[in-house]
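4 protein chains.
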Amino acid sequence: MNYEAILQEVYQEAKMIPTIGNVSTSIPELSKVDPDKFGIHLTTIDGEDYGVGDCNEKFSIQSVSKALTVALAFSFLDEKIWERVGVEPSGSAFNSLVQLEYEKGIPRNPFINAGAIVIADMLVTHLKNPKQDFLDFIRLISGSPTVDFNFKVAQSEKDFRFRNAALANFLKSFGNISNDVETVLDFYFYQCSIEMTCKELAHAFFFLANEGKTKSGVQVLAQSQVKRLNALMQTCGFYDESGEFTYKVGLPGKSGIGGGIAALYPKNFVVATWSPRLNEKGNSELGMSALELLTTKTGMSIF
Amino acid sequence: MNYEAILQEVYQEAKMIPTIGNVSTSIPELSKVDPDKFGIHLTTIDGEDYGVGDCNEKFSIQSVSKALTVALAFSFLDEKIWERVGVEPSGSAFNSLVQLEYEKGIPRNPFINAGAIVIADMLVTHLKNPKQDFLDFIRLISGSPTVDFNFKVAQSEKDFRFRNAALANFLKSFGNISNDVETVLDFYFYQCSIEMTCKELAHAFFFLANEGKTKSGVQVLAQSQVKRLNALMQTCGFYDESGEFTYKVGLPGKSGIGGGIAALYPKNFVVATWSPRLNEKGNSELGMSALELLTTKTGMSIF
Amino acid sequence: MNYEAILQEVYQEAKMIPTIGNVSTSIPELSKVDPDKFGIHLTTIDGEDYGVGDCNEKFSIQSVSKALTVALAFSFLDEKIWERVGVEPSGSAFNSLVQLEYEKGIPRNPFINAGAIVIADMLVTHLKNPKQDFLDFIRLISGSPTVDFNFKVAQSEKDFRFRNAALANFLKSFGNISNDVETVLDFYFYQCSIEMTCKELAHAFFFLANEGKTKSGVQVLAQSQVKRLNALMQTCGFYDESGEFTYKVGLPGKSGIGGGIAALYPKNFVVATWSPRLNEKGNSELGMSALELLTTKTGMSIF
Amino acid sequence: MNYEAILQEVYQEAKMIPTIGNVSTSIPELSKVDPDKFGIHLTTIDGEDYGVGDCNEKFSIQSVSKALTVALAFSFLDEKIWERVGVEPSGSAFNSLVQLEYEKGIPRNPFINAGAIVIADMLVTHLKNPKQDFLDFIRLISGSPTVDFNFKVAQSEKDFRFRNAALANFLKSFGNISNDVETVLDFYFYQCSIEMTCKELAHAFFFLANEGKTKSGVQVLAQSQVKRLNALMQTCGFYDESGEFTYKVGLPGKSGIGGGIAALYPKNFVVATWSPRLNEKGNSELGMSALELLTTKTGMSIF
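Residue numbers (full-length UniProt numbering), protein chains in the order written: chain A, 1 to 303; chain B, 1 to 303; chain C, 1 to 303; chain D, 1 to 303.
Chain A on its own, in the form it takes in the complex:
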């Protein structure tokens, strides 16, 4: 498969698609991003790298990080995770409190904010130096020692924390947060503030396409765990648009309101896209279109 040519085609065609969304304004720091940035990076299972557009610029991975905190928590807690969070799609917005009330504080899945906060609580409990240890994990799987938090973004999240603070306190009121609410939120805001390029992000997700092994050969999850995490991304990775993404793209993936998406075709490739204009469900408009073009052109889909 000539990935270089395909990526170029995808990139050119996607750029022609008229967009209507704008960058996230949920926190001021994110709203400063140039809305017309657009990059794609694909890494094959053999380790070949193909990039196009702004694929080497850093951006805020935001909720894409949720797949990675789950991976880390999964690596030491395994199936115990599911005592405190579910594996079902939510049918609601990513920051909804409604289902949480009906379901007594057990978030539907670890990719909505409530679920990610519970996972953050697990990491705060199990890691010695939570923020640093998580950063080290990201550096390990991405193979990039320069990956870092963006402190301004983390602070901006903290300044406009109210919805997440509501979720965390609500979870705590149901007994589903063990640590101090502030500590957990602090970890969560830092986790979301991580910055990576499309290339780094693709590398970081490589182990999910490679039966648990990173590009550099470290086994971070068992093969069976990887399958389950991929399955989870398939049903829940795109908030209340997970069905649409599965329907149109047919690959497991995870999006973030920074405009990034990481997706993968098991045993074949990992791909990361970045375009900050979001649709009304909070997912990258061009990113979704580009991935749909990619699977249409390559005929590659898990289904």
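The hints are simulated quantities; they were obtained by calculation from the structure and are not laboratory data. Don't take each hint at face value.
Each pair may be met inside one copy or between any two copies, as identical chains are not told apart.
What the hints assert, rightly or not - Simulated crosslink set (DMTMM-like; lysine to aspartate or glutamate; CA at most 20 Å straight-line):
no.	residue 1	residue 2
1	LYS58	ASP148
2	LYS215	GLU280
3	LYS213	ASP159
4	LYS281	GLU83
5	LYS297	GLU79
6	LYS297	GLU280
7	LYS58	GLU103
8	LYS215	GLU48
9	LYS37	ASP54
10	LYS213	ASP186
11	LYS158	ASP180
The hints should help you fit chains B, C and D onto chain A, whose structure is shown.
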């Protein structure tokens, strides 16, 4: 009307009713209360006082205070209050977040927790020394300078604040809290911690039966405002049991999870009851029964 | 009190209020009504009649009839009614199915459509000739033998029955409809199609202000039952605007999407208004304004 | 891969798993089924057949038929289907009306009852003899001319139709049913009453594993359509347990309350299971366990 005899009868009959509820365990301080306390105090519009049982023991008025914060906010903001909180019954539990999400941060009424927190925010904005000024207001309307906060209860509320903190942060995320979340919650917890006897509580609510004038003759609200506040208590004063209370008792009133209830028959009397065993909706079991007996025996109901 | 002068004032002032709503378009027959009709009729407890505007024109009473079916069911089933329907305000639209699902087929109150359909089912069970017997009851309490169904309206309701058919089938699936769904709906559509003038409507509700006795002296409900029915109208009579009506008008009443409202001040008067322009909650705009003006001008309110 | 041995192992191990569920009692006809029936049939992409247990007994496929009505509607309406029904998991029970109200009559996906009724409406519109034509389609794809409706089951569904009648009327009230409600329900009940053996069911789903071609070589859907339908089954095929099934089994599939499940591994195999004991979400307990064992033992999963 021989209120003395009637109160005795009501008290004796109500005591015979088997109760199944228990004291509130929402905060440890409240759960220490003797569940079998029971007192009633009635003050006629002419100022005559009739008490029975434990009517001179202090108890935590909790949400009964919500009627009094609304009265104070109403006295200087008048109808402007309703730009930030509604006047409709909620059809949900007192601490639900569900409707708040559907209705974009405008609480249905000022007697559910979310609404009371918005009212607390108004008072924090308008009062110079919010906690002291509110206490002074309570002392004024009750005519009792010894009425005070219970600091242990306030602290206990603070220690187990998570549900209310979730509500306050949620409101703030919708822009419906002007002050710092912590400051507003601090005021709210103190307001709920106020302790009064049945007699003091009846006196404090006297102005609502007396066209706005306190027992000592101070006009704290206009006559038309009193009518509206009474109307509001009628439809919303007992959480998701307001219809039941209106149906069975037929008087405007307000309850609290400390087991207290204040109710009134305009131009006739004010009555306060205290019995800490709560039904599943969070209202005092014996208090509701006693008031139903009272209106049945006297034939006095606004309908 | 010079009711004649007051009604004139109310009528003139209300007519000046700019309206924004339109007539109901829920069924074609209703949408044909002249939107600018406006009438008021007040009957004092002494039997004096005061009318103004289009108070002697027939209109479709629609949901105002729900108070009268409850009265009739109450007269032979008494408190047993409440085994199948609640007394709490709903906090939702009049035709919502949501709460019904959460609350397993027990409608929140008899004034939302679901509750009224359950009451209709009770009447179908208990009356020999349900439609005729109910009509006879209306003729009895209104003192007007010419009151009748409007067959075109009933047929139009039947033709556009889908929401109500959904409710009835949903209730049946929970076991809360005893008779055939079609039979119950047929009764319900006829009940809603009754036509009356403001004067007839005021007379029909007279017994609710008169301790259970009609204008002609027939005791149709016990005094205690009347109080309870009034209480119920107070908390639930105006759909999801019951709080607002109680707050502003302070009288028990019942509205219909034909633009009619019946309200009453116990032991004082009954009043009926008609103006077909509805606000977004489905209540008559001018009717509500007129009643607010009336209670403001007379100072008469139960609170 | 020695499928014969694997199926035997799966069958024996699954039989040892203690079950707690019971057969569906939603309609009397279904409740008569022997709860301990258990069969599995697997057909490889090369056309080899492997069966075990009661794999050649007919059972009521119920909601498994929903995948097949979608396939048929998809074959002539293609993407137009999605103007009237969504592709998102629902996060609710299969027969919930709640989301339908919030989302104005557009069912979340075609596999919840509301969505399947909309698909049924499309077929009633587009097919000349809807019931017969659909049956012919099933006979074609399964290669079995003896597949038929069970008239007793269809009648039983009709007798206990109330929840589905509520859904259909509710959809009609939103304008999302074109035909007569009765006609659509009649088709829907017949569709659900179809009886097949595990072997027939596996053959009927063969085209979904075989890029659109039936076992006998007829192209019933385009390759891209098959991918999309598989994607849809992956996210929505098991009601509010779709995430769990995806997580544990990792194959697209569809279940029914008759205890049947059809699932497939694209380009590899189709498998059908039948065991009537249902878990609380309405899916076959043993069927789910058997499929989990199958993918664990074969290591075959799309992820």
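**OP:** Enumerate the violated hints, using their earlier numbering and listing them in ascending order.
**Re:** Violated hints: 2, 3, 6, 7, 10; rest satisfied.
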